[in-house]
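Go by the hints and put chain B onto chain A.
Listed in order, the protein sequences are those of chains A and B. Residues 1 to 344 in our numbering are what the first sequence lists, from first letter to last. Residues 1 to 262 in our numbering are what the second sequence lists, from first letter to last.
You may find that some hints are simply not true.
[Unchecked claim] Here are the computed lysine to aspartate or glutamate pairs in the EDC-like style, where the Cα-Cα straight-line distance is at most 16 Å:
| hint | chain 1 | residue 1 | chain 2 | residue 2 |
| --- | --- | --- | --- | --- |
| 1 | B | Lys-260 | A | Glu-309 |
| 2 | B | Lys-260 | A | Glu-170 |
| 3 | B | Lys-91 | B | Glu-181 |
| 4 | B | Lys-130 | A | Glu-309 |
| 5 | B | Lys-107 | B | Glu-248 |
Please keep in mind that the hints were generated in silico from the structure rather than gathered at the bench.
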Amino acid sequence: MGRRPLASLAALAAVVVVVLFAQAHAAGQVQPPATTVTSAAKAWTPPVAPDGTPDLQGIWSNATLTPLERPKGLGTKEFYTEQEFAELMSRVRKGEVGPEGNLGAAASQPLRYDLSLYGFDLTKASFASNRRTSLIIGPDGVVPSMLPEAIKRNADRAAKNKGHEFDSHENRPLQERCILMGQEGLPMIPAVNDNNLLQIVQGTGWVAMLHEINHHTRIVPTDGRPHIPQNIRQWQGESVGRWEGKTLVVDTTNFTGRTANFRGSSEKLHLVERFTRVSDDMINYQFTVEDPTTWSKPWTAEIPMTKTEGPVYEWGCHEGNTMISNILRGARVADEEAAGKTGK
Amino acid sequence: MIARVIAVCLLSLAATSALGQAPAYRAPRTSDGQPDLNGIWQALNSANWDLEGHDAAPGPTPSLGAVFARPPGLGVVEGNEIPYLPAAAAKKKQNQANWVMLDPEVKCYLPGVPRATYLPYPFQIVQSQKSILIAYEYAGAVRVVNMEAPTKPPADSWMGWSNGRWEGETLVIDVTSQNEETWFDRAGNFHSGALHVVERYTPRSPDILDYEATIEDPNVFSRPWKISMPLYRRAERNARLLEFRCVEFAEELLYGHLRKKP
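Pulled out of the complex, with its shape left as it was, chain A reads as follows (with noise of 0.2 Å):
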């Protein structure tokens, strides 16, 4: 199995982690020179899978301390400022989240698990940080205003099913189904800190990228071919791929139109992700988002995502789905019970 993040000094070289050399000091580690850390982030060479391919094999995960969105009141700052960022990890590792965000995935966390049993240690730097103040990248930092079309459908949408939520399996929620699950969904943003878990592994041509939720498996081709015809939708559209330089690109299309799908994007969402490895432990994993009915420009997000041990469990979600039985059955009763009081 893979190592601890951050066991080793290969992975303070990476040129992103340098940053948070403060901490890990701080964390009892042993600092090297730095001018050895700046020869070895430059002498660092991307492994090399057995087809010749960068290598991003391994478990992943993108748990992070960056929120989506910009927190308000940073305005155009893009990074804090290594003092800034010091303090802000010393904040959260007390468990103090303040105005500056909800810190996006690790919001919750320190209420549920001693995070350090489970390698979640809000001091390590598996939580990878670029110094980002957002997970979008830009003077914005946040998702473009969504367009009134969009409005409009996500609003229907939600009102056809208002008064029946409760009718049949049909009028539940996809997650409550087991169908499609909110983070295996594309693209890959981080959600809770488990369960998050990403493990790629490479055959000739092809990239198998297995999420641990619901055992999601995406097959990317690399091979050049084109998209499958657009008649042809999925919950989780269609993936190809393509290497340019040091860094798989992929190409998602085919979504469907029967749901909501990322933030209220129809069946047009175009999706475009790079992933990069740069160092041993860490791949930068950066997606843009197009959809010309539903937001008033392209927007882009960067997630580190760091290398975790497994194993990756099987997520069988369905074959214990009893929640939504016992939803359905207890809507049911409420019914009956409404019926007996009104002498039906």
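Same frame as chain A, now just chain B:
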């Protein structure tokens, strides 16, 4: 010159017959020197209807006529008979009689091993050195075969825990820790939580793998038994797995009785 050619031909014929069979096929190699099993594969038989030999029979829904009737098949069990213990044989019959109600495939549950292999859907092998990922189109089932030092299963699961190794041309996978919920086919053939499966994948030619699975379960069978079948490469140039998230196809069956009464 012609005589020499004939002589060479005769010699090679003699060599072949001396071995009693054609020379063993040697598959193309991955960069680490192992047989390259990468690709999309599918069984082409009626094993998922019944591992044992069976004749044609009407399907469960008469209104569908010939569609979804059971096709005949010679069976894939060595010796054709699954060696059930007496009590287990009775349970198998009961399963078969209540097939549509009890078969986990009908409910879109994860299929377990070996059934995942011969379900009537393609599956894909993504082969690397330390891990081999096998993804099945049916229900999005998947497993990652550990090719390093064998590891112990962290918990029982639907698809079990797979440790693999190479034996010459053959990928051998040892599967343990499967739960007792899965079946082998639509005929009610079943196992307990003590199931131990050893699979063997051996390339026969560029587009065919010979598949064998030895099945051992002392709670259910009197001895280990074996199934075997070829697996064929899906040779379409654009072949790939598509989404078959069958949960929504099974929901009416599972939750339809809980619909609001009109």
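Hint check:
no. : hint                  : verdict
1   : B:Lys-260 / A:Glu-309 : 46 Å, violated
2   : B:Lys-260 / A:Glu-170 : 11 Å, holds
3   : B:Lys-91 / B:Glu-181  : 14 Å, holds
4   : B:Lys-130 / A:Glu-309 : 14 Å, holds
5   : B:Lys-107 / B:Glu-248 : 10 Å, holds
The earlier numbered hint that this structure contradicts is number 1, and it is the only one.
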